[in-house]
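Trainee: So the sequence lines, in the order shown, correspond to chains D and L. Under the numbering used here, think of the first position of the first sequence as -5, with each following residue one higher. Under the numbering used here, think of the first position of the second sequence as 50, with each following residue one higher.
It is possible that some hints are incorrect.
What the hints assert, rightly or not - Which chain L residues face chain D? A few, computed with CB under 7 Å, are given here:
#1 Arg67
#2 Arg69
#3 Val77
#4 Thr79
#5 Ala82
#6 Gln92
#7 Arg95
#8 Ala103
#9 Leu358
#10 Lys491
Said to hold, decoys possible - Computed cross-link-like contacts, EDC-like style, restricted to lysine to aspartate or glutamate with a CA-CA straight-line distance of at most 20 Å:
#11 L/Lys256 / L/Asp342
#12 L/Lys465 / L/Glu482
#13 D/Lys354 / L/Glu138
#14 L/Lys270 / D/Glu249
#15 D/Lys122 / L/Glu62
#16 L/Lys208 / L/Glu238
#17 L/Lys256 / L/Glu473
#18 L/Lys256 / L/Glu238
#19 L/Lys464 / L/Asp451
Hints in this document: simulated from the structure, not taken from any laboratory. Even for Gly, the Cβ is constructed at its ideal location relative to N, Cα and C.
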Amino acid sequence: MTRRQLWLRFIAHIDPPLMLGIGLLMLTSLIVLYSADNASFGQPLKQLANITIGLTCMWLVANLPLHYLMRTAIPIYALGLTLLIGVALFGEISHGARRWLNLGVMTIQPSELMKIGVPLMMAWYFEKHEATLTMKNYVVATLLLLVPVALIARQPDLGTALLISASGFYVLFLAGLSWRVMGGLAVGALAAAPFMWGMLHDYQRHRILMLFDPEQDALGKGYHTIQGMIAVGSGGIFGKGYLDGTQTHLDFLPERTTDFIFAVYAEEFGLLGNLFLIGLYLFVIGRGFIITANASTYFTRLMAGSITLTFATYAFVNMGMVSGILPVVGVPLPLVSYGGTSLLTLLLGFGMLMSIETHKKLNKT
Amino acid sequence: MNKHVELKNHLREIFYFRLRLAIGVGFVLTLMAILLLRFLYLQAVRHDYYQTLAESNRISVVPIVPNRGLILDRNGIVLAHNYSGYTLEITPTKTGGLEETINELSTLVEITPRDRKRFKKLLAERRNFESLMIRNKLTDEEVARFAAQQYRFPGVEIKARLFRDYPYGEQMSHLLGYIGRINQTDVEELEENDLAANYRGSDYIGKTGLEQSYESELHGKTGVEQVEVDSGGRAVRILSRTPPSSGNTLVLSIDAKLQEIAVQSFGNYRGALVAIDPRNGEVLAFVSKPGYDPSLFIDGIDPQNWDELNNSPDTPLNNRALRGQYPPGSTIKPFMALAGLHYGTRSPERTISDPGYFTLPGSGHQYRDWKKGGHGSVDMFKSIVVSCDTYYYGLATELGIDKIFNYLSGFGFGKKTGIDLEGETSGLLPSQEWKMRRYKQKWYAGDTVSVGIGQGYNLVTPMQLGYATATLANNGVAYKPHLVREVRSARISENRVIEQKQAFDLKLDPANYDLVRRAMVAVTQPGGTAVSASAGAPYQIAGKTGTAQVIGIKQGATYNESQVNERHRDHAWFIAFAPAEAPTIALVVLAENGGHGGGTAAPIARKVLDYHLLGKVPQPLPDVADKEGEEND
């Protein structure tokens, strides 16, 4: 085999447009991190390591044929559910929430695993019953979603619970859940809202209330929102220029390498930068939709659609939160925020998208 | 979806799916459009507004630190309060040269080498764009002198701050503890508990004692002021203000005067004293001697003072009352006697003949009585009065370690008392299981023998022994000891009286209790081991002396007090409650290296009891140097 053939085989299951899109996003991440970390290479280098690990995993998943992918659904879901129950029983409490499971060698956050596990399981379930879908199947699929979500909401990790609910809902929606049922659910959710309010922890209520009046908690979390809005707003149309964000560099912005990294970006690159970033996200999302539309099986269509829509949701929620139209829920900006775990989860998702795209010729029915 | 089952048309299926997907695409486009509109609004429409906020007039959120709550004694005497004073502070990055600035400053205000050392330490710990204190408690004259020359000192400012003051200094140090600067560990802990926001602007936090255990009450709620600051960081105007609410005031059950008398009664002895009202668990006095000057710690202790305190053989930083663990010695005997009566192991009438030593059957080892030649014929009453060791060697052996463990743990031995201070140690009440765990050895009969006179593996803290004594005094009805009686808030409606519920009731047999109490009264009467405790007292004192060995005595050797290095002398114990028939105070005294309980510890107890029961202030102030008590233990 020549070197070229080897290379071709190596990239055979990488989808070039998708790779281009996420590559540019991760490059942006490194550039912004350098600024957010006060012009130091500390966090960018660590993030580079995270990226390397994430891309390796993505490549492995992309090379995994679809039937293998399907086979992982039950084990991943079962493992995730077991771990979530483990967390509920033996988890470590940190910041008033029980999210982490200490396995002796490492602590893990099983809710992260379920971001993939839940839609995977639901898509698998629908594929199994594709030929004879009845209302009962939708009920079972909904239960597959609600059990882990309830466990995560109890931790309490409301942000993750809502996001996983969204990803599961996308599967239901794409699997053809009738409009009437969705309307009913919406009405039900509204009716249950006061009840849910009672179940929330104080700090969660606080965060929601704060959305309406950030000044109220100007020393605590409201401070994040206020400073985030000032950073975004003061960036103007052209931005203050790379490494020149005053909010960032005068230490006004909290969590500026993680959840609030978008404020750094928006301050330094302005509205034009934001347009570019949203364009970049839309490019990735658009490619995801194309892969979804062309996907060959029921399972892959549902999976690809859910991954793509979830990715879009993450991006929206984070940017919405930093710019003050959504509550601060602790969702990172996908592919840009510092942090290994969320990056890994996202890249695994993209690995699946690529596998779906590149294996379909072999799988066409 | 169709209710009846049918095979789907594949193409139709794909069509419906793509329709749904198209809706998804529309959904995403809507979301992104919302974001773009938001950005357009923030970055184009409102850009000037935010630009102003960010650049020329930054909003600065300034925390307003609440006043820390006061600590009062039961009669309202102030034990910890705040006073306002001036500090001289330097922001290192703003000065021309740090060393020259300080030298120059010292010509205006006095700066001692100690101040310099402390400043260096602060400088090492903190970031140098922060304002760091070089001098505190400036006099008005110093303030005026500096103010006139301030223009010469960029980066040096006078700030008005509240200082914590402990008027009783050393006397209350182990009780009140102190506040100190918030360090990295504190910050992490605050973040962990989601309290970091409330501590913005706060420099101090309770580090030990009540200041630590009641931190959440004392700190108060931080207020906040949003101010516009110009580019130089000066406040231009106040936009909004939420006032802080001061910390709550703690009213203690401690009687400051009683505490003072207790401390002074120790004279030169080191040791501990805990006095408890047995009827409700209120701690009346809590002494650990020596103490230290708590004000040294508030702004970071300088290395010289730290070394002195930390390396002193007197270990002034050790809270003896709460954390010191000592063999209980003979003070355990009344409790052992109750155990014997409880299990019916020994009746009150049963007498033993004391030859001056005890041997286990089949062993030649002699467990000696403190009195050479023995006490002759001894029943239970006499065993307490003369503190007969041989009697208790035998009793312990007959009871066996399991019963001893069960009964004594009922009185709280081997367990933390749960007093409202942190860092309590739990002492040690040995058991078979404990020995196996600790030494991987089985329990031997010989181990039990010395447990009977409080010299085996057992260890108690003065706090624990005080609790047990209070429980005994109250006829077996225990109230958890506590120091804070009342928490007073700025809003009277939020005042809380902290009343202790009954912790447990041992349901002592009245006859057994009566016997032990009478014997303990006789201890302080002629013929007992603590005659000096009650000589001339118009009320009856029930007491028991004890001696905790510091060094072991070899088989066959004699212990000669005068030949032993002072630090190797035995520790003296005395437990007591009074008036014996209806006790309102129970106490424990430990005088380290005090020799015999009757000679040194009992007179200290007497002075405390006299003040508490009669209001009598010792005059002239005590002289406890009398170490030649003829009473023995």
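Trainee: Which of the listed hints are broken here?
Mentor: Per hint list: 4, 5, 9, 10, 13, 14 and 16 violated.
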